[in-house]
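J.: As a plain string of letters, each chain reads:
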Amino acid sequence: MTREEIIRPENKVYARPELLTDNVTHYCPGCSHGVVHKIIAELLAEMNVADKTIGIAPVGCAVFAYNYIDVDWIEAAHGRAPAVATAASRLNPDSLVFTYQGDGDLSAIGTAETIHACNRGENIAIIFINNAIYGMTGGQMAPTTLLGMKTATTPYGRTAELNGYPLAITNLLAQLDGTCYVTRQAVHTAAAVRKTKAAIKKAFQNSMAKKGTSVIEIVSTCNSGWKMTPAQSNDWMAEHMFEKYPLGDLKNE
Amino acid sequence: MTIDGQRCKGCDLCVVACPTDVLLLQPKEVNDRGYHYAFAANPEACIGCAACATVCPDACIEVYRVVDRGE
Ligand code: SF4
Ligand code: SF4
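Chains as they are written, first to last, in numbering that gives the first Met the number 0: chain A, 0 to 252; chain B, 0 to 70.
This is chain A alone, in the form it adopts within the complex (with noise of 0.2 Å):
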């Protein structure tokens, strides 16, 4: 069989997703928000709710995520999209509310909306993207950043003496009444990528049976400001960050 009688439409087994739109995506190569986008965008197709869905960007390098996606948006302050996420859910109680935030959005400026968002149970998914720094503004230290790691603001290696000690919010959140399901994935390999599609799609499943609020933590690389190749990244990753932000669920209710 040639390639050419392969190539044919009823052959396809993995299109590209309908509801990305064809804009080249900003995102570094080898980003791993590109993957994400990709996850969401096929699941809102796969369970039909394109429609109703509202997604709530963030500041930081996932700020244009409305651009790629085609669903609405809104985008929030610095760190306020579960704020915007709880009045859009609560107002359109019928819509799938998601909101799609990096680690120094939801877990430094964000912290008191985040806290208390995941504490009422709105029925909202937070979809938290963790890379250990902040990406955007060229790779400053962030809550999440790992004891010893380099950033532009920890030249030497942080240490807990001078900035404290990592922040695993996830763990917080999954102590919160108002979470129904709070998981750690990854979407370094294939496999990681279809668990994290799983994980994604249970909680919009959540958010539209209204059982509280569900928070998919996705352990990510900032390879650029990390300073290494995607792949070596992807390594680094499972070696250090995997060490302190285990993957698996926390909360499965």
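Treat the hints as calculated values from the structure; they're not laboratory data.
Glycine included, each C-beta is placed from N, C-alpha and C at the ideal position.
Incorrect hints may appear among the rest.
Listed next, with one range per pair, are the computed distances between beta-carbon atoms [to be verified]: (1) A:F63 / B:D31: 16 to 22 Å; (2) B:R68 / A:H115: 55 to 61 Å; (3) B:F38 / A:W235: 23 to 29 Å; (4) A:Q231 / B:F38: 51 to 57 Å; (5) B:R64 / A:N170: 37 to 43 Å; (6) A:A208 / B:N41: 45 to 51 Å; (7) B:R32 / A:D176: 46 to 52 Å; (8) B:R64 / A:A44: 16 to 22 Å; (9) A:N66 / B:R68: 42 to 48 Å.
So the derived list for chain A, only partly shown, Cβ under 10 Å to chain B, looks like this [unchecked claim]: (10) I6; (11) P16; (12) V23; (13) T24; (14) C27; (15) C30; (16) K37; (17) M135; (18) G137; (19) R193; (20) N222.
Following the hints, complete the assembly by docking chain B with the ligands onto the known chain A.
T.: Just chain B with the ligands now, with coordinates in the frame of chain A:
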């Protein structure tokens, strides 16, 4: 599988993900945006597993598969 070479950013993640070493980055040639894009250097070895497409952050890869029932 097919690769949208213009959309590709040459990140190499599909090359690493492929279990049968089908893919490589262009050693010299670049696309319009200056990236050494991925291509199927060894297309005969492709088993249509879609690992490459699953990990591609820019959704450049589409995968086609036929089941050979030996008929
Ligand atoms: S479909 Fe599987 S075997 Fe074929 S190029 Fe992609 S990763 Fe390799
Ligand atoms: S994973 Fe996608 S963007 Fe990266 S080299 Fe392969 S085809 Fe290009």
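J.: Mind listing which of the numbered hints don't hold for this structure, in increasing order?
T.: Hints 4, 17 and 18 contradicted; others consistent.
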